[in-house]
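Novice: Sequence:
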Amino acid sequence: LEALFARGVEQGLEEGLEKGLERGLERGLERGREQGLERGLLAGRIRALQQVLNQPTMTPRELASKSLTELQAQAAELASLLN
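Residues in the sequence shown are numbered from 64 upward in steps of one, following this note's numbering.
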């Protein structure tokens with residue numbers, strides 16, 4: 064009986080670990096997609112604002128090197144120049 068119980072616990076742990084890893088990967092991928100989309104939208108906005116303001120446009124590489132916070136700040140700063 065103890066051996067069956069131990070086997071059941073072991074199997075339950077394996078299944079739980081597998082499901083937990085799957086969920087963690089799914090959440091991580093979803094979060095990565097969301098952040099990637101946000102970064103892409105901000106980069107496009109920054110380049111469009113720079114063009115409208117007749118400023119040199121940043122290269123995709125320059126934009127990719129910036130953090131999400133830096134991109135948000137850059138977009139806000141450029142937008143404020145329109146007003």
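Treat the hints with care, since some could be wrong.
[Said to hold, decoys possible] DEER-style ranges, computed between Cβ atoms: (1) 82 with 132: 15 to 25 Å; (2) 133 with 95: 54 to 64 Å; (3) 133 with 67: 36 to 46 Å; (4) 68 with 124: 15 to 25 Å; (5) 70 with 139: 29 to 39 Å; (6) 130 with 84: 47 to 57 Å; (7) 69 with 130: 45 to 55 Å; (8) 132 with 78: 35 to 45 Å; (9) 125 with 70: 35 to 45 Å; (10) 96 with 119: 24 to 34 Å; (11) 81 with 101: 22 to 32 Å; (12) 95 with 72: 12 to 22 Å; (13) 103 with 76: 21 to 31 Å.
Simulated from the structure, these hints should not be mistaken for lab results. Cβ atoms here follow ideal geometry from the backbone N, Cα and C, with glycine treated the same way.
Novice: Using the beta carbons of residue 70 and residue 139, state whether their distance is inside 29 to 39 Å or not.
Specialist: Violated - the Cβ-Cβ distance for residue 70 and residue 139, about 59 Å, lies outside 29 to 39 Å.
Novice: Has the hinted range 36 to 46 Å been met by the Cβ atoms of residue 133 and residue 67?
Specialist: 58 Å, violated
Novice: With respect to the beta-carbon atoms only, verify the hint that residue 132 and residue 78 lie 35 to 45 Å apart.
Specialist: Between residue 132 and residue 78, where Cβ atoms are some 40 Å apart, the hint holds.
Novice: Residue 95 and residue 72, beta-carbon distance inside 12 to 22 Å?
Specialist: 34 Å, violated
Novice: Are residue 130 and residue 84 spaced within 47 to 57 Å by their CB atoms?
Specialist: 28 Å, violated
Novice: With 15 to 25 Å as the target window, see if residue 68 and residue 124 comply at their CB atoms.
Specialist: 58 Å, violated
Novice: I want to verify a distance hint. Is the separation of the beta carbons of residue 125 and residue 70 within 35 to 45 Å?
Specialist: 58 Å, violated
Novice: In this structure, is the beta-carbon distance linking residue 96 and residue 119 contained in 24 to 34 Å?
Specialist: Check passed, 30 Å falls within 24 to 34 Å.
Novice: That 45 to 55 Å hint for residue 69 and residue 130 (C-beta), does it hold up?
Specialist: 49 Å, holds
Novice: Confirm or reject the claim that residue 82 and residue 132 have a C-beta distance inside 15 to 25 Å.
Specialist: 34 Å, violated
Novice: Could you tell me whether the CB distance from residue 133 to residue 95 stays inside 54 to 64 Å?
Specialist: Given range 54 to 64 Å: violated, Cβ gap about 18 Å.
Novice: Has the hinted range 21 to 31 Å been met by the Cβ atoms of residue 103 and residue 76?
Specialist: 40 Å, violated
Against the hints set out earlier in the document, violations occur for numbers 1, 2, 3, 4, 5, 6, 9, 12, 13.
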